[in-house]
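Residues in the sequence shown are numbered from 8 upward in steps of one, following the numbering used here.
Be careful, since some hints might not be right.
What the hints assert, rightly or not - In the DMTMM-like style, the derived pairs of lysine to aspartate or glutamate whose C-alpha atoms are separated by at most 25 Å in a straight line are:
1) 621 <-> 183
2) 305 <-> 102
3) 575 <-> 522
4) 575 <-> 610
5) 305 <-> 348
6) 575 <-> 524
7) 621 <-> 245
8) 305 <-> 239
9) 305 <-> 52
10) 621 <-> 673
11) 305 <-> 39
12) 305 <-> 183
13) 575 <-> 545
14) 621 <-> 571
15) 575 <-> 528
Keep in mind the hints are simulated off the structure, nothing from the lab.
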Amino acid sequence: MRSPPAQRATPVLALLILAALAAAVHAQEFPEAVEAPSAFVTVIEAREYDDRFESVEDVLHHAAGMRVRRFGGLGAHSTASIRGAKSEQVLVLMDGVRLNSTLRGGVDLSSLSLRTIERIEVIRGGGAARYGSDAMGGVISITSRAPAQEGAVDVSATTGSYETLGADLLLSLNGERVRSSLAYSRLRSQNDFDFDLIEGDGGIQDLAQNERHTRLNADFVRETGLLSSYLDTGPTSEASAILRFSRKDNGQPGGTLGVPRRDVTDEQLSCVDGEEQFRRAVFSLGWSDRALGPGAFKASVYHRYEYSELHDDGQRCGFFPARLFPDRTRSQSTDTQTGIELNYIGEPVRLGRAWLVNRAVSSVRIERVRTDDVDSKRRWVGNLFTQSEVRLFGGRLRLLPALGLELADTSSGQVRSAQFKGFEEVDVDDGSEWLPQIGAILRLAPGLRLKTNYLRAYRRPTFAELFHPDYGFIRGNPELEPEQSWNFDVGLEFSNHGWGPLAQLRLEGVFFHRDIEQAIEWVQFNNSFVPRNTGQAEARGYELRGSLTLWNRLELGGNYTYLDTEIKSTGNPLPHSPRNQLFGRAALRLAGNRLWVEFTHEDDLFLNAGGRFKVDSATQLDAGISLRPSDLPGLAWVPENLTLSFEWINLTGEQRVDSLGLPLPDDTLWYMRLRLAPR
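Produce the complete structure using the sequences and hints provided.
Here is the structure:
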């Protein structure tokens, strides 16, 4: 379905406005991802949210081209989408270590805490040549919280709706050559929110309208921690050791799909016996040239361990097929990854009037998965990446050709089979993938530049897609082919340090297009749900974003994403892909106090690929205020470094469903936060 002429003209008009502004302002540094300089990048500085009750899910959902899918209230499983890509097609990195599950593919964003994070880079559409599989939609690169420049203690406490309680501690210790930090964050909530059974939630449109219910067994406790140390080993080099852990225990209320009817009870809509446990630990050692400039070398080794366990003690949640496992009440799995990476940036070489800078990266990792129904599976993966940067016309034009090669070998093994009443031998045929890429950056004027990228991306099937046990009604497919895509984007960036009302103005307009082949979807086949390569799909659209600071007091910012998707075989849009998304923020600074308002809107969307279940558009309004009590009359005795914040979420009372049978809160939520930190 092609967009109408008026919508196609909108990004063109926006780009012309950017060009017109360039002549009147002074240039400002553009943000660039070190791993993908020509990609369009959103940089989120986590420290800017330290006075607020913000989550990783919230800040990502507000970024251009991003959408976060939530499977429940606060602390529930949440996944990321970039430009309409599924969560399995978005690569998430923590200090360069892949967090994507080898078993299931995606990353639960609710297992991360913003308090232990320094910054987040969202690389939209790029990164496949550099990182290999899983970066079809883009990359979310997370950097752990770095030690403060001076030794400092930062503590905070939070309370709010549904018995929410949280506490955070950040501690920095700096010596002459060693810098260390300790971070700990804990958050819990009873999460027994009220909700309505709405159209599409259970697949029945009329029977349960206007019935109010309470979500049971949705409580959670999450703990995250960080211990890092950096040792200066030379004038520009350092060694690092970083340990990160995450623990999350939560109720698993199940879904309401198929249950809705009149006079249904809360207990019928929530499984009160389901429980889930998750553990993650990531340890890495590295040595690098801090500047990462010409001649720099970087090496790192790492290990990631994940453990998950699901309980259904009363056997009433339906997690385990009773006819196959009459006595089963628990399942567990482990997912580990160990790897090494070497990174080198060459010295600039002059070629006539041009300059050439080469870069090479090589890595190897082993992934292992063990579950109750599959014997231990492993996959070896090797990556080679090379990129050249050609600088022409005095650096005004930068060409960035790159090529990646990924090799993999997946072990054969046995999976549980309902047909054979035991285990069945399965095998996977792996191959190699070449990932070419070309990018360009052209400086048109001070503060204005054009960027474009064209690249190939792919995703290997997850172990769940390949080896899911055959339960009769659901099974894996070891004959799956990898998903493929060709990604293209082009756009303008404008940035300046102007004067008066134009101070710190940033604008961006981007057009993107992605052709997908061999898309993997779970479909019904011979009375069983099986992952299959379903053919071609397409995603195209544009992103507009901007920010402006007026007189160093009023901050204005926002973004708009237009997304047009289509599954070629059916003509239906991709699920969870609203055509229009809009986000806006206004913040006013007065001395040490801050007042903000945020606005989010997204169009209606389909919850499944068949186009049967659809939810209406939603608009949400949030507001908050951050105060320094010592600035208020009569409170001069309060410590100057104490901040008190209040936030109100969903003032419009909108209810939205992101997944079939998994309701979200429709109440206005409140949170209060106290923070004591150096200023």
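Here is how each hint holds up against the structure:
A hinted pair counts as satisfied when its Cα atoms are at most 25 Å apart, and residue 621 with residue 183 does not qualify at roughly 59 Å. Of the pairs offered as hints, the one joining residue 305 and residue 102 holds, with about 13 Å between alpha carbons and a cut-off of 25 Å not exceeded. The hinted pair formed by residue 575 and residue 522 meets the criterion: a straight-line CA distance of about 10 Å does not exceed 25 Å. For the proposed pair residue 575 and residue 610, the alpha carbon gap of about 22 Å is at most 25 Å, so the pair holds.
Pair hint residue 305 plus residue 348 holds up; C-alpha atoms about 8 Å apart against a cutoff of 25 Å. Taking the CA atoms of residue 575 and residue 524, the gap is near 10 Å; set against the 25 Å cutoff, the hint holds. A threshold of 25 Å between alpha carbons decides the hint, and for residue 621 with residue 245 the separation of about 53 Å lies outside it, so the pair is violated. Distance restraint check for residue 305 and residue 239: the Cα-Cα separation of roughly 14 Å lies within the 25 Å cut-off, and the hinted pair is therefore satisfied.
Taking the CA atoms of residue 305 and residue 52, the gap is about 24 Å. The hint holds against a cut of 25 Å. Using a Cα cut-off of 25 Å, the hinted pair residue 621 and residue 673 holds, with the two alpha carbons roughly 18 Å apart. Restraint check: the Cα-Cα separation between residue 305 and residue 39 comes to about 19 Å, which is no more than 25 Å; the hinted pair holds. Of the pairs offered as hints, the one joining residue 305 and residue 183 holds, with about 23 Å between alpha carbons and a cut-off of 25 Å not exceeded.
With a CA separation close to 7 Å, the supplied pair residue 575 and residue 545 stays within the 25 Å bound. The straight-line distance between the Cα atoms of residue 621 and residue 571 is roughly 16 Å, inside the 25 Å bound, and the hint therefore holds. Proposed proximity of residue 575 and residue 528 is supported: the alpha carbons are some 13 Å apart, at most 25 Å.
Consistency note: the structure conflicts with the earlier hints numbered 1, 7.
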